[in-house]
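Q: Residue-level listing of the chains:
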Amino acid sequence: MYEFEFEKPSTVAEAVAALADEDAQALGGGQTLIPTLKQRLAMPSKLVSLTGIAQLKELSDNAGMLTIGGAVTHAEAAEAAAGPYPALADLASHIGDPAVRNRGTIGGSLANNDPAACYPAAALGSGATIVTSRREITADDYFRGLFETALEEGEIITAVRFPVPQKANYQKFEQPASRFALVGVFVAKYAAGVRVAVTGASEEGVFRWREAEAALDASFAPDALDGLSLDAGGMIGDLHGTKEYRAHLAAVVTRWAVAAAA
Amino acid sequence: MAKVSMTVNGKDASGEVEGRTLLSSFLREQLGLTGTHVGCDTSQCGACVVHVDGKAVKACTMLALEAEGAEVATIEGQANADGSLNTIQQAFQDHHGLQCGFCTPGMVMSAAALLKDNPKPSEQEIRDYLEGNLCRCTGYHNIVKAIMAASGQDVSSIAAE
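Top to bottom, those sequences are chains A and B. Residue 145 in full-length UniProt numbering is what sits at position 145 of the first sequence, and the numbering runs on without skipping anything. Residue 57 in full-length UniProt numbering is what sits at position 57 of the second sequence, and the numbering runs on without skipping anything.
Treat the hints with care, since some could be wrong.
Said to hold, decoys possible - Quick list of in silico lysine-lysine cross-link-like pairs, DSBU-like style, CA-CA up to 35 angstroms:
#1 B:120 to A:46
#2 B:55 to B:120
#3 B:116 to A:38
For the record, the hints were derived by calculation from the structure and aren't laboratory data.
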């Protein structure tokens with residue numbers, strides 16, 4: 001790692017001030033950022049830890065809305081969501097491994113927006129709201145492509161609000177070495193309609209499969225997806241699977257998720 | 001450089017570290033606690049697992065300064081007060097849960113974290129929990145067996161191969 005300064009503020013306002021310095025970067029649980037720094041793929045002048053800010057550790061469950069603070073770890077989120085939103089708890093409890101889940105945070109995962117990460121599928125599939133130090137961003141506006149989000153320089157995710165669906169499920173087909181999602185699909189049924197979010201598959205990162213949503217609005221059953229397929233164009237093709245393989249797999253995994261949720 | 005203070009295995013520990021100093025480096029190089037092994041240094045192998053405030057974490061993927069004020073437990077603090085092996089360590093010896101031993105500190109610390117939350121885990125729960133701990137010698141069977149035995153469960157039916 002290159003050298004950097006380290007700050008650990010206790011309020012969001014202090015963190016925002018600390019991040020105003022050129023090349024300062026926010027540090028969540030560090031489960032992606034620290035390995036990235038070790039490979040010298042990033043050279044921040046300063047890391048601003050968000051894990052000492054009490055506000056970012058808050059959890060609440062009110063009137064069908066589960067709110068998870070930006071610095072809540074995957075393990076803590078899994079515990080908090082177990083009652084109100086079991087599909088989200090299941091997703092959080094299968095990210096990485098136990099030690100990673102004790103450090104990694106929801107805000108860190110969403111800010112990084114790895115195309116194979118699990119949380120982006122939950123946020124987009126739930127129509128969650130990303131609350132930041134400056135504003136509120138709907139999940140539909142938040143994800144902008146590979147490692148790209150609507151976050152601006154120095155903007156911190158303070159919380160994520162998940163509307164709790166009637167039914168939901170997340171299915172992850174793991175890449176066996178990394179255990180990241182080769183393809184992961186989050187399906188959630190709300191009174192307003194069904195949402196289907198696919199991670200791991202697209203070169204543009206997480207995306208909604210609108211045709212599947214429309215079909216599932218008509219009938220929330222795996223059969224409703226008969227005849228639907230995803231275009232292989234724009235899918236990730238690598239040594240783990242071709243574009244065509246991922247497109248096919250995403251449709252299969254969507255059926256699994258619907259079957260498990262229905 | 002900045003000062004960092006924490007409790008390690010029940011004793012106060014402090015030192016001067018850089019922002020980039022990893023918890024694993026601080027434990028090994030400044031405190032001389034070399035039982036915490038660094039295998040991959042890429043957050044994959046789990047040989048460096050320690051407990052920070054009771055939670056299993058990878059010491060190679062946490063900055064030392066993030067552990068300011070924390071209670072840290074490492075493999076060196078696991079033995080009984082009289083120096084004899086604790087239940088988990090003894091079970092690893094009894095059931096041949098190691099060969100070269102490099103992964104063992106992380107395995108024992110992960111096992112301790114698992115058994116604290118889940119005192120009677122199933123074989124599958126143990127295998128799932130050890131997802132982030134790699135062993136290149138044993139094929140895991142005897143590690144799983146040792147952890148089951150340490151939890152007081154009958155291990156006679158667990159495959160030895």
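Q: A separate judgement is required for each hint: does it hold in the structure or not?
A: Here is what the structure says about each hint:
A threshold of 35 angstroms between alpha carbons decides the hint, and for residue 120 (chain B) with residue 46 (chain A) the separation of about 44 angstroms lies outside it, so the pair is violated. Taking the CA atoms of residue 55 (chain B) and residue 120 (chain B), the gap is about 18 angstroms. The hint holds against a cut of 35 angstroms. For the given pair, residue 116 (chain B) sits about 32 angstroms from residue 38 (chain A) by alpha-carbon distance, which is consistent with the 35 angstroms threshold.
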